[in-house]
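Trainee: So the sequence lines, in the order shown, correspond to chains U and D. Residues in the first sequence are numbered consecutively from 1, following the numbering used here. Residues in the second sequence are numbered consecutively from 1, following the numbering used here.
Some hints could be false.
Within a straight-line C-alpha distance of at most 16 Å, the following computed EDC-like cross-link-like pairs (lysine to aspartate or glutamate) qualify [what the hints assert, rightly or not]: (1) D/83 with D/339; (2) U/253 with U/233; (3) D/557 with D/570; (4) D/245 with D/526; (5) D/13 with D/252; (6) U/253 with D/628; (7) U/39 with D/500; (8) U/39 with D/339.
Hints are computed from structural coordinates only; laboratory data are not their basis.
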Amino acid sequence: MYAFEYHRPASVAEAVRLLREKPEAKLLAGGHTLIPTLKQRLAQPSDLVDLGGIAELRGIREEGGALVIGAATPHGEVETSDLVRRTIPALAHLAGEIGDPQVRNRGTIGGSIANNDPAADWPAAVLGLGATVRTDRREIAADDFFTGMFETALEADEIVTAVVFPRPRRAAYAKFPNPASRYAMVGVFVAETDGGVRVAVTGAAPCVFRLTALERALAANFAPEAVDGVTVDASELNSDIHASADYRAHLVKVMAKRAIASALG
Amino acid sequence: MGRFGVGQAVARKEDPRLVTGRGRYVDDHAPPGLAHLVLVRSPHAHAVIRRIDTGAARRAPGVLAVWTIEDLDRAGLGPLPCKALYDNPDGTPMARPERPVLARGRVRFVGDPVVAVIAETRAAARDAAELVEIDYEPRPHVVETARATAPDAPRVWPEEAPDNRALVWELGDAEAVEAALARAVHTVSLTLVNNRLVPCSMETRGCLAEYDPASDRLTLLVGSQGVHNMRRILAEDVLRIPPEKLRVVTRDVGGGFGMKIWVFPEYPIALHAARTLRRPVKWVAERGEAFLADTHGRDHVTTVTLGFDADLRIVALKAEATANLGAYLSQFGPFIPTEAGGYMYTGVYDIPAALYRVTCVFTHTAPVDAYRGAGRPEAAYAVERALDHAARVLGIDPVELRRRNFVRPGQMPYTTALGYTYDSGDFPRILERALERADVAGFPERRRRARRDGRLLGLGVACYIERCAGGPDESARVEVRPDGRVRLFVGTQNNGQGHETAYAQILSEMLGVDFETVEVIQGDTDLVESGRGTGGSRSIPVGGAATRLAAEAVVEKAKRLAAEMLEAAEADIVFADGRFRIVGTDRGVSLFEVAARAGGEGLDGRGTFQPPAPTFPNGCHVVEVAIDIATGWPTIERYTVVDDFGRVLNPLLLAGQVHGGIAQGVGQALMEETVYDPESGQLLTGSFMDYRLPRASDLPMIDFSYLEIPSTTNLLGMKGAGEAGAIGAPPAVVNALVDALAEFGVRHLDMPVTPSRLWELLRELGVTG
Ligand SMILES: Cc1cc2nc3c(=O)[nH]c(=O)nc-3n(C[C@H](O)[C@H](O)[C@H](O)COP(=O)(O)OP(=O)(O)OC[C@H]3O[C@@H](n4cnc5c(N)ncnc54)[C@H](O)[C@@H]3O)c2cc1C
Numbered sequence: 001m002y003a004f005e006y007h008r009p010a011s012v013a014e015a016v017r018l019l020r021e022k023p024e025a026k027l028l029a030g031g032h033t034l035i036p037t038l039k040q041r042l043a044q045p046s047d048l049v050d051l052g053g054i055a056e057l058r059g060i061r062e063e064g065g066a067l068v069i070g071a072a073t074p075h076g077e078v079e080t081s082d083l084v085r086r087t088i089p090a091l092a093h094l095a096g097e098i099g100d101p102q103v104r105n106r107g108t109i110g111g112s113i114a115n116n117d118p119a120a121d122w123p124a125a126v127l128g129l130g131a132t133v134r135t136d137r138r139e140i141a142a143d144d145f146f147t148g149m150f151e152t153a154l155e156a157d158e159i160v161t162a163v164v165f166p167r168p169r170r171a172a173y174a175k176f177p178n179p180a181s182r183y184a185m186v187g188v189f190v191a192e193t194d195g196g197v198r199v200a201v202t203g204a205a206p207c208v209f210r211l212t213a214l215e216r217a218l219a220a221n222f223a224p225e226a227v228d229g230v231t232v233d234a235s236e237l238n239s240d241i242h243a244s245a246d247y248r249a250h251l252v253k254v255m256a257k258r259a260i261a262s263a264l265g
Numbered sequence: 001m002g003r004f005g006v007g008q009a010v011a012r013k014e015d016p017r018l019v020t021g022r023g024r025y026v027d028d029h030a031p032p033g034l035a036h037l038v039l040v041r042s043p044h045a046h047a048v049i050r051r052i053d054t055g056a057a058r059r060a061p062g063v064l065a066v067w068t069i070e071d072l073d074r075a076g077l078g079p080l081p082c083k084a085l086y087d088n089p090d091g092t093p094m095a096r097p098e099r100p101v102l103a104r105g106r107v108r109f110v111g112d113p114v115v116a117v118i119a120e121t122r123a124a125a126r127d128a129a130e131l132v133e134i135d136y137e138p139r140p141h142v143v144e145t146a147r148a149t150a151p152d153a154p155r156v157w158p159e160e161a162p163d164n165r166a167l168v169w170e171l172g173d174a175e176a177v178e179a180a181l182a183r184a185v186h187t188v189s190l191t192l193v194n195n196r197l198v199p200c201s202m203e204t205r206g207c208l209a210e211y212d213p214a215s216d217r218l219t220l221l222v223g224s225q226g227v228h229n230m231r232r233i234l235a236e237d238v239l240r241i242p243p244e245k246l247r248v249v250t251r252d253v254g255g256g257f258g259m260k261i262w263v264f265p266e267y268p269i270a271l272h273a274a275r276t277l278r279r280p281v282k283w284v285a286e287r288g289e290a291f292l293a294d295t296h297g298r299d300h301v302t303t304v305t306l307g308f309d310a311d312l313r314i315v316a317l318k319a320e321a322t323a324n325l326g327a328y329l330s331q332f333g334p335f336i337p338t339e340a341g342g343y344m345y346t347g348v349y350d351i352p353a354a355l356y357r358v359t360c361v362f363t364h365t366a367p368v369d370a371y372r373g374a375g376r377p378e379a380a381y382a383v384e385r386a387l388d389h390a391a392r393v394l395g396i397d398p399v400e401l402r403r404r405n406f407v408r409p410g411q412m413p414y415t416t417a418l419g420y421t422y423d424s425g426d427f428p429r430i431l432e433r434a435l436e437r438a439d440v441a442g443f444p445e446r447r448r449r450a451r452r453d454g455r456l457l458g459l460g461v462a463c464y465i466e467r468c469a470g471g472p473d474e475s476a477r478v479e480v481r482p483d484g485r486v487r488l489f490v491g492t493q494n495n496g497q498g499h500e501t502a503y504a505q506i507l508s509e510m511l512g513v514d515f516e517t518v519e520v521i522q523g524d525t526d527l528v529e530s531g532r533g534t535g536g537s538r539s540i541p542v543g544g545a546a547t548r549l550a551a552e553a554v555v556e557k558a559k560r561l562a563a564e565m566l567e568a569a570e571a572d573i574v575f576a577d578g579r580f581r582i583v584g585t586d587r588g589v590s591l592f593e594v595a596a597r598a599g600g601e602g603l604d605g606r607g608t609f610q611p612p613a614p615t616f617p618n619g620c621h622v623v624e625v626a627i628d629i630a631t632g633w634p635t636i637e638r639y640t641v642v643d644d645f646g647r648v649l650n651p652l653l654l655a656g657q658v659h660g661g662i663a664q665g666v667g668q669a670l671m672e673e674t675v676y677d678p679e680s681g682q683l684l685t686g687s688f689m690d691y692r693l694p695r696a697s698d699l700p701m702i703d704f705s706y707l708e709i710p711s712t713t714n715l716l717g718m719k720g721a722g723e724a725g726a727i728g729a730p731p732a733v734v735n736a737l738v739d740a741l742a743e744f745g746v747r748h749l750d751m752p753v754t755p756s757r758l759w760e761l762l763r764e765l766g767v768t769g
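One chain only, chain D, in its complex shape (with noise of 0.2 Å):
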């Protein structure tokens, strides 16, 4: 037992019942009379859909139903919405075109799905999937971002988006950066990769759907990052049912990394299934399926052109994107290149005129909606590359061209030239604490050690801002019980970070209760009353606000009622360690005497938090990469973060942030190859055979070390710290890499480095051990 506040590196209060295999996952639950859904889905990235004979799969053992998109129109079923629509510059609406829950007519990527059959077993399902006879008549297809406006490129929505262009977006002001670049004195431009990611999940996809004919009520027990808002969508868009007929429950959650907060089609075919057969039935992806059906992430190609005066000052950024956006439109597809990075692509830059422009265009592959990071990774990626790269073109220090553009501290608050205001940070102080903390003084040494061995050693630097916690409110309900247990329920979702340690430490603080007597409840809405979820780091800042509001509104509640036990006038109580006393005595008593006092549930308080601006986490990495000459294996051989996160609740927890996101971002870079074949439109990285995750010995320690520079905004202090990990580690690896070769002329390296492209390149350059 103990009482622990913020700032404390407490241990995980949900790892022992994870890690002994306590945890439950949606496949962990088999309610008596359970019933499968399997998807056949599309083998082609492209074909119309002729003629669909389910007969043999009716009539197959153990199958209880097998649907087409007719047999879901029929029943009313509505399309997958987009909740991120936007016009075109000229002011037209962007294209829209409809996303039915199974596909009508004409399927569209390979794992499109097609066919949904409900049988007994998951393997009588299975067999009865393949006893459905489809038609096909392969179409021409397009899986490449580069090549989706292609005059010659097949369309994916021939009437709705002619051109495959979906939208056209833009920000900044064109004219003044047009003008900044032709009064230039050097301009230096860049086109990048930003490469498509599965977001691998440990826990894969699924969801169990209950019907209760009693109350006409469905429930849908799915791992989701916030079970409100796909309650909203699943009910008004999809089903379209009063939402009150819907209870969405979410338990244990093994990762999202954003690709969990969407409405995917298997819900709302296992809802329907639940209620018409008045069988619970589960869905849950298989790995391949997982490949396949998820949205994916990234997929942007751009071109940076950074414009710079006598001095090396920046004077204009100009950024056009290529984003790709898959089939669909996914949730939340649109938002991703275009409000969700859009902002950031000035990074932690002084630039007077900026320019982001993005076209999203459709392909033949999976929707494309947020990971981990969602657009700010591609942002940071784009403008930490491009510095990098105008430094060498233009023969100066990449770390001294930093230096020399930052955003001074003296500037804050500063407001960016795409619109942003950054409300603290001191970007030179952090890089200046990385560059020590890496031994940078160190690295020429090391360099000529390793060029010994047959290994090239680079150094790199990315310096990353982005943008988190802002948005919607989020809201708290604490309850102090008589029996001495403490209870909070929040909006948010756990999906792995700790939020039961988290939210308890808040609580233990400032109710001054043992930590272990807080219960975390989430991911219920019969449970927890509104919600907005996990995503955008925003839980522990914007969650964590509105629980201390809650938790002080639960104290006020307690004083007036402890002034009245103590017979005491209510400003002559104070609060402290758990007890209400007279202020200059020591008569006083528990919060939880209070709460008996209270009868029956005890005490509870609401709070609250909508934040008045979005918090701007920021750091910087250093990273030295080492190239096997003879091989071409790239290996990390030193990683610093220095991190600004504003406040710190749990280093532990934060450090366990910083490590996944790191992992993921040196995935990105050097690893993850999301291969669609242009010749088939087949997705060659189907599975972990051939799509290589980092695993833990890819990385070496890392130092990870913050200035905690407190958000101004943040009723915490706190500024965010999920995915800012995934987005500082792309630059600074690739930067390596770039650093490693430029002595023989190489100026950029596309995503994912892999040895076997090192390998060419070095063969190509000519050099040997």
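One chain only, chain U, in its complex shape (with noise of 0.2 Å):
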């Protein structure tokens, strides 16, 4: 690790500030990702500032038929929160496939959507549910959020303060974990909104996309043999020591029939 200079503010305001004022700043929330990263000497920032004294970034509530998640909210809460599991119990259940307990009692919903890692299993679940995160300035629709691999539409002083998931009808996430992370290897989230079905996938690409040819499919029938007719492209997919594009695009469809499956329960 470099040297660097460490703020707990107790504001979102506060924060934002500081992150003007130090143009190198990093925001700290669960430092699962970027504790890591410091001590293999792979970032160097000047400062960082902890999210972790901020009361108003932690918290599951329900405002207005849909499921507000503070963005410090630590997986491990959403995993076991009653409310979560009797509104969209499919969140519940991607928060406890994430790592081990002791990454799910630090690492953050906001900490996983800012980093925007192609192997996270958050991203799937708010492009899939068509959520809004909310910052401190303004509201970002999923589909405009993730941009690219470890991009998003965050400016670098912005805050993710919460994130916004409408209720679905139903919904359900499958993951096929990375035999060795234990990230998503291919993690597919498919939801049956007011707005349409959706389905994206996480894992497979350099960044988390929708499948838009399966959610054609199964607006016409919300039912796993819907796969059976839909191609997914490998040459858009990755490629590495774990997995070829051919076996992830095949994934793709397996974990789409599973969670398709799981959300007619």
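Taking the hints as your guide, dock the two standalone chains into a single complex.
Mentor: Here you go:
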């Protein structure tokens, strides 16, 4: 780790002010991505602005029929929340599939989507449910939020404050873990929402994406068999020592089927 | 408080301390004035070092020293020795390239240490390490075992080993084997890969060096598997100082698996830094460093040929291996694929003629040395896979083929064609017991049901035998102190296996004292006179035997004093339950009363056990695996193991050894893959993000049981159990996977059999749910 200054602001406004004053500053949430990066000396921020002391960023509540999860809420809280289990159980399930208990007790939803790791689980839910990302200054639709590998629509000094999930009619997530890291090698989130069917795929490509062909097929017939008629183009997918692009393309279909089956209960 | 004897499942004495964070590992020590050592390592698999500029690093804040090999040469540090050197069959000596403590002129694997930086803090040392400028001229490399001796393969040691061959080593009767194979009714061959593994000890390697100017003595605190050997090599070969000028200490160790036996470059460098700077100096490997710069294990490519007569009895076995030693000869590197494993290639079978020939090669990869089982897993995998394969080719049930070829109990002691004498064992009984416990009879029905759920079920059997508890002697000293404590000084080394418990149990029984009164002292060259450390599943069979002899010596001594105290003839004194009594009366004195009478430190006794022969633990693993057809994901559904470890000291500790060994074996079979990129020579699996270690959830409950068939050569009748699980598991798991896919014509799968490999195979075969 290189040396840095540490700050622990008590409000979002103060955190934003610190980010503006220190252009080389970075936000610290659960630290489960950032700290290993620092330890490996792959980043050299001048300042760390810890979000852990900002009460308004943490917690889960209902707001006009939608579920609002504060950015600094750890995965473990989502996993075990009665409210989440009652309203969008697929989110509790997804949160419970992240890492191990230590990771779930530290890692946060805000940190996960701001980081936009191609293999992270949360982006699949955010995109799959057509959620809205709330920041200190605006609201960003999920479709506009994830812009590329480790890239988002966030500005340099912008802070995610919460994610607003509309309640779907039904939804489910199916994950095929990377055998070593247990991040998603392929994760498919399927949702039937008031705005139509949405299918989001994580882990398979450089960035989470919607599988529109399957969305169309499911709109006509929300059943596992609908997957059979859909082709997944492997040429856009990742290939590494754990899985070829072909394998990933195949797994997208298998996981989609499993997600649909589980959404149907 | 309690007395526990041999055979009882006593809970581990050390666990409350260890699980509440009170263990003392290397990195828990921070004496005042501590400085930190960091190594600059090669980013290249092979390169010439044109120039090293340490100027900026030396001027960086907090830096105390920056050294290259030239500095260490000037200081007189010798190279790291290889202590297992052999001759080729033609009598010429093997290649013996030197391994300097830092790279000299050339780097030969990614992670090869080049520059040492010592600074006030670890962060300052790392900062300065980044300022070291090294001008490398990359050269072509070879990282694949099978390609090492190809005519166009780049050379690791052009002068010492012009064709990358370090050694050819041979065992058995080549003529007899060729003749038998020529006459054989059937011959079956199989080529298989025994994959390279990274040891991944939970506690990474580390050391803390201190120097006392007044006595001109160095102390090294190090996570090791035995302090005496480490001291000998460090003092005599590397630092070139009298051994009494160096004290080596080992406290709690978070796993070694063979890898922590060796002297690594960081240790002499830290010692030299401590004496030069006159400050304590610590080095602890980061996880990434551990992946790159620990010794790795296995890495063989082997072809096995079996010849059979008309009744399918084996007439000959030939195993020809290529073993990757890495870029340098590690301390015992050449021993592993030769003497350590070579004798075991005939397994549990009655094979009249056998030949094992291994070609040890250099590649641009981390040095390879012992890893749990050290050579015997490679042998067991080769013979157990080859036999299973032969059964499928010849159209006979693999279990039946084993039954037909076992060494039978009536043949014991049995001398194998490779020259070992198995003293005891009942291989057929172990097999039948395992099949029964595994409910093999119910397997066809389970297979049908799994198939309906889109899963392919396979059943695999492997019968292993290994060699343990042989080699050099071990000594112990037992002190019975007037204050009611018993202290044992023994030269083995706990690495987490539970020695505190095991030895206390032996002494509790031998001396009739409370289990809690026994203190076990290991890992300090000042306190323990000699020792061979842990390795080869020898601690309890050999160290335990020495302990028993030492306890007997104390009792003998005490008896004389007791006779005096009781004013009786020594011949009339009996010892039981911790008391000496005059026979036929209730007049007596306790052992501790006698120790008090002796005065001073009390009484002590010594014992040395020299194993007359190695022991031969053996057993049978029966595994059921399921493959999810849709995804290729394999799961272990059932695991049954029946072992013969001879007499059992503590069933609980034993189960721990077996469970851990099986987890590692399953890891090798299904998960652990060490990938050096042939193109770049980089280690692609250099962290747990890419190197898959088994987790608790990857294993089912293991049905472990044993038959106690005492060793006839070990004083305690024990055979050793530390490595067995890791030896039997890989062939059993792979045999099960092949069984699952046999109906599609699959005959062999190389480890690790990952989901991705299975899926690609299912796709090729056109198998769908
Ligand atoms: C061993 C391990 C296993 C894991 N397994 C999984 C897994 O299976 N699936 C999975 O999805 N993830 C996994 N993770 C990642 C983990 O779950 C976290 O989601 C992830 O580390 C990011 O969250 P964090 O709170 O730790 O963020 P941090 O590491 O603190 O920050 C990450 C990045 O986001 C920025 N950031 C943080 N909060 C905000 C905010 N509110 N607004 C703007 N920017 C912000 C930071 O500046 C930083 O750049 C794993 C991590 C570990 C260490």
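Trainee: Decide, hint by hint, whether the structure agrees.
Mentor: Going through the hints against the structure:
1. D/83 with D/339: 13 Å, holds
2. U/253 with U/233: Distance of about 11 Å is within 16 Å: holds.
3. D/557 with D/570: 11 Å, holds
4. D/245 with D/526: 11 Å, holds
5. D/13 with D/252: 14 Å, holds
6. U/253 with D/628: 15 Å, holds
7. U/39 with D/500: Roughly 36 Å separates the two Cα atoms, so the pair is violated.
8. U/39 with D/339: Violated, at roughly 42 Å.
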